[in-house]
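Using this note's numbering, the first residue of the sequence shown is number 1, and each one after it goes up by one.
Keep in mind that the hints are not guaranteed to be accurate.
As the list claims (entries may be wrong) - With a cut-off of at most 16 Å between alpha-carbon atoms, the simulated EDC-like pairs for lysine to aspartate or glutamate come out as follows:
no., residue 1, residue 2
1, 233, 29
2, 225, 40
3, 233, 173
4, 225, 103
Everything labelled a hint here was simulated from the structure, so no lab data went into it.
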Amino acid sequence: MVTLGLVSLLIAGVVPFFASNYRYLFTGEQKLLINSDIRDLTNELVETARASNFFVLYQSFNDQTVAGLTVRRDANNNGTVNTNDRRQADEAGNFLLFVYYEDPYFDSRFFDGDDTNDPAIVNVRVNRLVAYWTAPNRRVAGENALYMFDTDDAKSGTSWTTPWGATLPATIDSANPIESLLPPATATWASHASNTLLVNDLQGLAAGSLDFVNFQNRSVLVRMKILHGNQAKRVTNTYNFTVTPRG
1 MVTLGLVSLL IAGVVPFFAS NYRYLFTGEQ KLLINSDIRD LTNELVETAR
51 ASNFFVLYQS FNDQTVAGLT VRRDANNNGT VNTNDRRQAD EAGNFLLFVY
101 YEDPYFDSRF FDGDDTNDPA IVNVRVNRLV AYWTAPNRRV AGENALYMFD
151 TDDAKSGTSW TTPWGATLPA TIDSANPIES LLPPATATWA SHASNTLLVN
201 DLQGLAAGSL DFVNFQNRSV LVRMKILHGN QAKRVTNTYN FTVTPRG
């Protein structure tokens with residue numbers, strides 16, 4: 001009986017130590033994974049933004065509920081996604097698009113010697129699109145993931161044919177804005193297998209619990225909380241970062 005009592009006391013002292021040590025190791029491991037996500041995402045965003053000409057921000061890739069409110073690409077809910085749905089200075093969104101285009105003032109017809117050729121310098125020829133957005137995680141129910149697409153990944157010869165059917169290079173103008181080149185605003189395309197999954201679980205920290213903020217139409221503020229671990233044990237860290245296209 002004495003021996004059993006001593007063993008019980010020993011176990012009672014040792015178990016909490018091992019449990020506490022396990023929690024410490026688990027938390028440390030998850031924080032390392034979060035830091036890895038932050039490094040990878042920072043490098044990705046910096047490289048993309050520096051090479052792009054401008055960005056466009058929308059409320060969401062598709063209609064969904066965020067913090068109890070409905071967000072959508074068609075922000076004014078008039079049935080058409082167009083330039084009026086772009087998020088303006090100091091407005092937040094969950095769908096960030098970087099656009100790459102050729103110099104609109106360069107046109108070979110300037111130099112072909114034919115005076116009858118009058119180049120339309122108001123048009124812009126888009127070469128590439130790269131986008132980032134939040135949508136339900138296609139791998140884990142109950143989590144929101146950060147996805148991205150890069151039309152360079154679908155490059156074939158001298159043009160890009162995206163999985164949703166747009167072909168680049170493409171000329172955009174007032175009649176055919178950048179919105180005409182984007183994938184359908186549906187839940188299917190938001191979590192489609194052709195899109196790269198960058199972060200497995202995150203929560204927006206900008207206004208309305210969104211991830212990105214348009215800062216004076218010049219830069220993008222990235223404000224989010226990245227989570228790791230399982231549903232029972234969550235480890236988090238905040239991520240605040242600013243990127244600016246080269247213009």
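Evaluation of the provided hints:
1. Distance check on the hinted pair: residue 233 and residue 29 sit about 12 Å apart at the alpha-carbon level, within 16 Å; holds.
2. For the given pair, residue 225 sits about 15 Å from residue 40 by alpha-carbon distance, which is consistent with the 16 Å threshold.
3. For the proposed pair residue 233 and residue 173, the alpha carbon gap of about 50 Å is over 16 Å, so the pair is violated.
4. Of the pairs offered as hints, the one joining residue 225 and residue 103 is violated, with about 37 Å between alpha carbons and a cut-off of 16 Å exceeded.
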